[in-house]
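K.L.:
Take the sequences, apply the hints, and build the full model.
Number of protein chains: 2
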Amino acid sequence: MTGTDRLSLNQATVNKLSLAEAAALCVRHDIPAIGVWREHVARAGLAEAVKTVRAAGLHVSSLCRGGFFTHADPDARRAAIADNRAAIAEAAELGAGALVLVCGGLVPGSRDLPLARRMVADAIAELVPVAQRSGVRLGIEALHPMFAADRCVITRLGEALDLALAFPADAVGVVVDTYHVWWDAALLPDIARAGERIVSYQVCDWILPLPANTLLGRGHVGDGCIGFPPISAAVAAAGYAGYVETEIFNEAVWNAPPDETAATVRARFPLVF
Amino acid sequence: MTGTDRLSLNQATVNKLSLAEAAALCVRHDIPAIGVWREHVARAGLAEAVKTVRAAGLHVSSLCRGGFFTHADPDARRAAIADNRAAIAEAAELGAGALVLVCGGLVPGSRDLPLARRMVADAIAELVPVAQRSGVRLGIEALHPMFAADRCVITRLGEALDLALAFPADAVGVVVDTYHVWWDAALLPDIARAGERIVSYQVCDWILPLPANTLLGRGHVGDGCIGFPPISAAVAAAGYAGYVETEIFNEAVWNAPPDETAATVRARFPLVF
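Chains as they are written, first to last, in our numbering: chain A, 1 to 273; chain B, 1 to 273.
It should be emphasised that the hints constitute simulated quantities derived from the structure, not laboratory data.
All values reported here derive from a predicted model rather than from experimental measurement.
Each hint can be trusted.
Counterexamples of contact, computed for chain A against chain B with all Cβ distances above 10 Å:
#	residue
1	L17
2	A47
3	F68
4	G195
5	A241
6	A263
Part of the chain B face toward chain A, derived, beta carbon under 8 Å:
#	residue
7	D150
8	E159
9	A212
10	G227
Part of the chain A face toward chain B, derived, beta carbon under 10 Å:
#	residue
11	S110
12	R111
13	D112
14	M146
15	A148
16	A149
17	D150
18	R156
19	A185
20	A186
21	P230
Beta carbons: idealized from backbone N, C-alpha and C, even for Gly.
P.N.:
Below you can see the structure in the form of structure tokens.
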């Protein structure tokens, strides 16, 4: 259960590689699954992307990402829904375990958090039947509160879960990403409460100091402050037995040779459990 | 209730000034209260500091700060308690409305959040009788989760409140600082639940992008993303009628002429309500 047979490499960790190159990297390092990003799928073309991951024998643990629902302009909100429908179709073709949703920050020009949260809920409600028809599960990801203003007003796992619980379990779940939620005193009870709603488990470490671009402050497992084993144990006890994605946004990691990065990800994986 | 008769200038906003200079600034700008920092009190000497604020006719809305309880070495923990006893004595002499506690991050060398949280609770328990004898209220401040690793493992108002509720109300309360807690979906209910436990209300704005040193990313009220009126209304409804401190850590604000800063603080104050 804790061997590298559950390891997935999220493509963002080696984001200078094309999908074909990232897939080949996984094969070289005996990593059985990959978290795929839409920008790379678009570059390859969907049919070619599907062929690439199938030929490599890789499971697609997640497609990143849908979301960004919060817009003042109704046309922009409709465009976001259309884009998310396309993402659901791609996730279905790729056989992805989940479509990860980064829901969006404050509505531009507004300081109204409840308004932004209502827009998120409304958008997800609209996507639920699409997801159900396609057999794709949407994964609401709580982002760290430092991204609340500009990227995601859903800031805690418990909040993501309360939102998910308003919808059918076959359509909407939650993503547990250690980087975003490790600090939360309610994390372990919220994971237990999430149970079967957990559709993705992503890991990377919280390192200090934060870089100027706080999006890029993530570290290899073991390089930072997060105590992974209690979180992983809670995720397992909740019933999640799927892939564990390593997803690292970090300039230095991106500049490292990809084979070195993949080897480090593999070597550090046991520290997660 | 919403006039500048409730305004307090936290000294950190003009941190290049001595206590005497900051007090004179408050008088010049008709600001009736000041939040004082211990480093400035130490520089002036306690007796002189007390004389300065009394002569200026200023109320001391808070003393910043005690805390930093989380240490691996028992001697270091004892030293922290001794330092906090001294801070309580200073707060009593200054007639401060509260001693603000920044409780400390992870124990150095450890990734154990619950351990750090237990150390915080144990330290506060030890300080409660000291605070009660001195007539000083300790204010547990929840810091933004981005500081959980290195400064404060208490990351939400609700968590600070649950901790405070374990102790007598005359000894332990909570600090509501908009910068740290604005993002929390449970903020308004937690403020209502806090009621008389609110011992300090501090305001400043969340501005983007975050600077390289994330400690210094705070902005003047109105320059950022926070919707203050619903928070202020909740704080008032909870029963808090004390001073409202503007506390801004920001390199550019520090480099601005202090009279300009004080004038801006005053001019922006109505936006809080």
